[in-house]
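Just so you know, the protein sequences line up as chains C and H, in that order. Taking the UniProt record's numbering, the leading residue of the first sequence gets 1, the next gets one more, and so forth. Taking the UniProt record's numbering, the leading residue of the second sequence gets 1, the next gets one more, and so forth.
In short, the hints are calculated from the structure, not lab data. You can take every hint at face value.
Copies of the same chain look alike in the list, so a pair counts if it fits in one copy or across any two.
Keeping only pairs whose Cα atoms sit at most 30 Å apart, straight-line, the calculated DSS-like set for lysine-lysine is:
no.: 1; residue 1: Lys38; residue 2: Lys134
no.: 2; residue 1: Lys38; residue 2: Lys156
no.: 3; residue 1: Lys38; residue 2: Lys10
no.: 4; residue 1: Lys134; residue 2: Lys156
no.: 5; residue 1: Lys164; residue 2: Lys134
no.: 6; residue 1: Lys134; residue 2: Lys160
This one's a predicted model, so the numbers in the text were calculated from it and none came from an experiment.
What follows is the residue order along each chain.
Number of protein chains: 2
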Amino acid sequence: MNFCTQCSAKVTLRIPEGDGRPRFVCDSCGAIHYENPKMVVGTLPVMDDTILLCRRAIEPRRNMWTLPAGWLENGETLSDCAVRETLEEAWAQVADLQPYVLVNLPFINQLYFIYRARLINDDFHSGSESLEVKLFSPAEIPWDELAFSAISETLKWYCKDLEKAAFPFRVVDIGI
Amino acid sequence: MNFCTQCSAKVTLRIPEGDGRPRFVCDSCGAIHYENPKMVVGTLPVMDDTILLCRRAIEPRRNMWTLPAGWLENGETLSDCAVRETLEEAWAQVADLQPYVLVNLPFINQLYFIYRARLINDDFHSGSESLEVKLFSPAEIPWDELAFSAISETLKWYCKDLEKAAFPFRVVDIGI
Ligand SMILES: [Zn+2]
Ligand SMILES: [Zn+2]
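For reference, chain C alone in the conformation it holds in the complex (with noise of 0.2 Å):
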């Protein structure tokens, strides 16, 4: 960040007055400039045993795969954002949506946030941002070839919880 989005004076990196942080302050208008993590959002789409994944048509990760998920808007719930990425990415409809992990990335300020969803048909297939969109069984998983750290996670889990048959909501920490 270069420049004020008020006033468009040059901006400097230090702690302003009764803070702790360093921010992007304007010293012409007194703007302070805060940044947040932002929260990516999608979902585990299951049918019987197996588990939907798409194959990255677009950078970062590009030929990777990942489940199905992207950015919260504003104005959207988290709901409402993985039934539309799961939509866009995978033309896939899914219902009964369980909150299933949350994995904080702190080193790159971004949060995941997966639930866990009941794929309803087959008719499924690969929507701007994917190769290829494919039913995995869990012995089938591609593990080398995942785009992120957060889906490998989440699927970890997944794995794990299916032989116990429960899926409690968890919390994760990666990279600290």
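Mind docking chain H with the ligands on chain C? Use the hints.
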């Protein structure tokens, strides 16, 4: 938002190519400025059958009661943030954090994530953002003087859950 953070040119609110939502776009350098919901994280600190609440010393909602909570900062996990805010606002030490309620407030682009937590001792007192910090039994909760709907919602669920002595994690949508 008026000016580009990268080059200081005036921004325009329009839908970028390949996107579905209006963004602040810079036609001079091409930067797209995304805005996403922000997360407030806090605790519901419990000691025996009482709940710790703070009376706000600052706007908005000065003088109203709230749970200790604040903005999730870059570089921070949810539990780090919850513990820090509880310390800053109530000088209270908590342990045994359990994910409890996630409140969606899409009309103001906010999310509240509240942990249930055990108050370690009664050696708490107001921080610079609180006028007063006090323990309330469920019957004493000042429902008409609570600062935010996300806090009322969390406390309402807590009182219901107390009756069954079961505290499942929930995602709650407000105002949609
Ligand atoms: Zn300025
Ligand atoms: Zn620009």
